[in-house]
Amino acid sequence: MAVGGPSKSHGIAKRRAMADAVIGHVTDAGRARRRRFGLRSAMRRKSMTAFLMTSPLIVLIALLVVYPAVYSVNLATLNRSMEHFVGFGNFLFLFNRETFWMVVRQSCIFALTAVLFKAIFGFVVAHFVHNIPAKGQRKWRGMLLVPWVIPPAMSCLAWLWLFDPSYSAFNWVFEKFGIGPIPWTGDAMWARFSVILVNVWIGAPFFMIMYLAALKSVPEQLFEAAAVDGANFWQRTWYVTLPMMRNIIAITALFSLIVTFANFDIVRILTAGGPIDLTHVFATWAFRVGIEVGDIPLGASVSLFMVPILTVAAILILRDINRRGNEA
Amino acid sequence: MTAIATAASAGGSTRGARRRSMSRDRRWALRWSYFFLTLFAIFFLLPPVYMLITSLKTSAEVSAATNPWWVYNPTLANYAELLSSSQFLTYFRNSAVVSTIVVAVTMLISVPAAFALSRMKFWGSTTLATGVFLTYLIPETLLFIPLFKMFAVFGDATGIQLINRWWVLLLVYPTLTVPFCTWVMIGYFASIPRELDEAALIDGANYRQVLTRVFIPVALPGLIAATIFAFTVSWAQFLYPLAFTTSTDQLVLPVGIITSLIKGDVFNWGQIMTGALLGAAPPLLIYAFLMDYYIAGLTAGATKG
Amino acid sequence: MRGKLTRRRFLATTAASTALIAMPYVRGSHAAGRLSIVLWDHWVPGANNTSKMLVEEWAAREKVEVQIDYVNNQGNKLLLTTGAEAQAQSGHDVIALATWLPSDHANQLEPVDDIMEPLIKQNGALNATVEYLGKSQGHWIAVPATIGSQIKGPCSRIDLMKQYAGIDVQAMYPAGAPPKAENWTLEAFLKAAEACHKGGFPFGIGLGTTADSVDTAGAIFHSFGATLVDAKGNITVKSDPVRQALEYYTKLAKFFPPDAPAWDDASNNKWLISGRGALIMNPPSAWAVAKRDAPQVAEQCWTHGMAAGPKGRFAPFIPYFWGIWSFGKNKEAAKSLLVHLSQPAAVEKLVAASGGYDLPSFANLTTFKTWAEEGPPKGTLYHYPNPYNHQILSIAGAPAPPKIAVQIYIQGVMTKMTVRHLQGEPMERTLAWAENEVEGFLRT
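Here the protein sequences line up with chains A, B and C, keeping their order.
In terms of my numbering, the first sequence opens at residue 155 and continues consecutively.
In terms of my numbering, the second sequence opens at residue 154 and continues consecutively.
In terms of my numbering, the third sequence opens at residue 15 and continues consecutively.
Just chain A, same shape as in the assembly (with noise of 0.2 Å):
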């Protein structure tokens, strides 16, 4: 793109000056010259180095995390008593009961719906942001994002007293304007809009973080330019806004996309999946099946269905990475 060009040369310019003050003035020629001399004798240690300096980090994820889901997956291979090995068995049992599939649906549909209309909001709100004077943005910036740091589990309390059938707080209010008591977690289609705004409230903020950031990133010209020949406020949204974020909006989707759909609080305080089931998602009919009726490798089975689905959006966001740090 055109507009990498000036701010390209003008980074090396910057790094190379950066360069020179840390190190102090050496001509050109003797630095090449000892650069390569340098990092020879550095390659020697680097393995090493590089295999201490990671060895936490690997030991940590296999013994804590590899292993247990090991042993999670073979969990997944024994009959309910955990004497049997019974193979694929147990997935063959969730396909042929109808309330799994109504899960995959219902999980689905709670993560694309949360995650659309998180993003949404995010962008929504961080244009807003980004149209106000520089230094107002920072305290709505701050009042923003609060949702965001609260501890779910703390607010997802708050939620479940203003949704509560006896003293929901909204109920009181729009019984004052005869819209009657709304069965917020009582109704099926409440119930699953009442957890979607909740995820949604916490999780926006974050969006909106992100999006005001790379929104700050889009030089001015490009506007400009688009100004001057002509754009109005939706065909500049479309045609520069939305291409230069491009990257940005798909990492935070898909990243949420991954937190949505493994989500276990909200549900779980909220609605525990119901009624008769129809806001469960894997995570929270996985707890009900292996935790409370006590058939563990049928719960493991139902949590380790989730991995495929997420590791096709783990791919998207990793190739995206990739794809953003190479046009950089």
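Check each hint, because a few of them may be wrong.
Said to hold, decoys possible - Residues from chain C shown here face chain B by an in silico Cβ test under 7 Å; the list is partial: (1) Val85; (2) Thr95; (3) Ala100; (4) Ala102; (5) Ile287; (6) Pro309; (7) Glu313.
Stated by the list, open to error - Chain B is faced by these chain A residues, among others (derived, beta-carbon under 10 Å): (8) Val240; (9) Pro305; (10) Tyr321; (11) Ser322; (12) Leu396; (13) Ile412; (14) Ala416.
As the list claims (entries may be wrong) - Simulated coverage check for chain A against chain C, where a stretch passes if three residues somewhere in it have a Cβ under 8 Å from a Cβ of chain C: (15) 229 to 237; (16) 444 to 455.
What the hints contain is simulated information worked out from the structure, not anything from laboratory work.
C-beta: ideal position from N, C-alpha, C; glycine also.
Using the hints, position chains B and C against chain A.
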């Protein structure tokens, strides 16, 4: 919206001869912006404000179902009860200790690892970086039973009790914080110009010195942001402490609040909201003071390479 | 250091004193080991102190070092703790077990026939539900606990029932006297529900999947003789009693609050305390909280028996148990402790401390003073422990094999059936769905 459009298109720059109409359009755009921002702010801040209001009510007032948005007989009794309850203070202390140590451990693990992964291209580094990210795919609900069994076996074999002790959380929380912190630090480190560390290497520094003398100072904002993130995540944990700690003196705050303020089918909402607010306070306070670093850290990957 | 009391000497002592059971665990001055126990965390303020005092009394006498952990079931804490300890074969020695947990972990619990038999002789018989839940393959695997056990019968508003339904609950179930409840049938219940609903104070019965909702549905189903799975494990979903039960309960459910399908265990409490309902199915916890927060509601509450159906008068009974892990390290001491906690004197103290909420499961222990005297209004709890034995105490899902019944219970199949049929699904489709669900529960 067209008002905003034309105004915004003239946006940050005040060049041009249309100054008078621009400022009027700009004012309208600002008004609309503030209007919608206020709406959103109300939406986002409603629940915490409601928590505050409820926490000032007595149990009787809560049950009486009077105006839920106003306190008729405000009382600090809920706060007094909780803050003077040794149980609550124990929960608070446990949370604080666990979170602080986990943050330290996380930083000690992820910073060197991020440095190695972003700078030293060794065999398997890309696979490892991907693998770190993929650990997010494995949900807690899947892991806690095998982990419990592992800890029990460990406790029997070595005599060090892990089950029902708060220090077991020091082992499991990092699995949640390290992947993301590593990823953020990799993003930060990757944006530091290579000339810096290559120059330092030429000067004879080994990798450790490059890390401590060059990288950490330059990437300090990212470090702080990762620290804040690790703290927030540790503080908010629910499932792992619920599964691994049982005795009252070993519980951390989220679990403690929920299990001691909600008993049987009796919910004490005034106290619950107080507890929830107090439980949310530390992350909120840290966030309030270190907001810029927090936001900068989150957006590290967004703008830098 | 552990005492050298052998099992034989223990049993010999037991056999020798069937009338009064005082279990000296060890004679001598050397330390007698440690015991770690989990007790159900009581919601009644101060009730934990009584249980603690009783345990420490025993511990001082037997010179055992005891560590008590109070755990309630919020966030499924008790369930998780039990499951994890069973999996890891490590944890506490004695553990409080909610309703279905003894059968869930039957093969890891120490058989306690040796202490149950003398206890039954001393305290009276146990009802069939307790045997169903506490026995596995003919052996007692847990001791019924007083703490936490409850009957979830009707708790009505005297004034509202009189005004709208024309029923005087105090006359029907007078304090201090046997019940006069021949006309308290499910038909009368239905009529009363309709009347109160019209009057604006519906019955607050939930249709969710938490225990309160499932228990009521279970009692109703039993009243028609309806079971989803019989004692042998055969599926009996598509049977006439089930159809009748479903038919009745759906009719009744029309008069429940509109969001009943999402009610949890606290919803009916709030319904009563806020003054919006004429009747809920709950133990006295709701009334106790109303005493503190809404006294004008509390003094109109009356706990009484359930209505009778074609096949009998069934009330939901939820026993808790105390179990001893078979991998525990101090089982003899544990047994001694449980015997101590089941003595009439101890039980009476526990009942008093809980304000009458806790229910011992033994037949001779249902007439303590506490229930007669709790108030206001005085006598409101007199009929709570079913003193005249005029209702059958049951649990939803029985008599199916416990491993199947627990799934029917936790998954709330009966309430879900009702909700589906209530929302318009034809009965045969609902039954087909239920049958499919239950088939899934037959997994081994």
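Do the hints match the structure? See the list:
Residue-level restraint check for valine 85 (chain C) holds (minimum Cβ-Cβ distance to chain B is 6 Å; threshold 7 Å). The interface hint given for threonine 95 (chain C) holds, since its Cβ lies 5 Å from the closest Cβ of chain B, which is under the 7 Å cut-off. Nearest Cβ of chain B to the Cβ of alanine 100 (chain C): about 10 Å, over the 7 Å cut. The hint is violated. Because the beta carbon of alanine 102 (chain C) sits about 3 Å from the nearest beta carbon in chain B, less than 7 Å, this interface hint is met.
Taking 7 Å as the C-beta contact cut-off toward chain B, the hint placing isoleucine 287 (chain C) at the interface holds, the least distance being around 5 Å. At a threshold of 7 Å, the smallest CB-CB gap from proline 309 (chain C) to chain B is about 9 Å, leaving the interface hint violated. A distance limit of 7 Å between C-beta atoms decides the matter here; for glutamate 313 (chain C) the minimum to chain B is near 15 Å, and the interface restraint is violated. Against a cut-off of 10 Å between C-beta atoms, the interface hint on valine 240 (chain A) is violated, since the closest Cβ of chain B lies about 18 Å away.
Satisfaction of the interface hint for proline 305 (chain A) is found here, the shortest Cβ-Cβ separation to chain B being roughly 3 Å, below the 10 Å cut-off. Interface restraint check: tyrosine 321 (chain A) against chain B, minimum CB-CB distance 6 Å, threshold 10 Å, status holds. Hint on serine 322 (chain A) holds. Least Cβ distance to chain B is approximately 8 Å, under the 10 Å limit. Interface restraint check: leucine 396 (chain A) against chain B, minimum CB-CB distance 15 Å, threshold 10 Å, status violated.
For isoleucine 412 (chain A), the shortest C-beta to C-beta distance to chain B is roughly 6 Å, which falls under 10 Å, so the interface hint holds. Evaluation of the alanine 416 (chain A) hint against chain B yields a held restraint, the C-beta minimum of about 5 Å falling below 10 Å. Beta-carbon proximity to chain C at under 8 Å applies to 3 residues in the segment 229 to 237 of chain A; the threshold of 3 is reached and the given coverage holds. For the segment 444 to 455 of chain A, the assignment as covered by chain C holds, since 7 residues bring a beta-carbon within under 8 Å of that chain's beta-carbons and 3 suffice.
Going down the numbered hints, you'll see the structure goes against 3, 6, 7, 8, 12, while the others check out.
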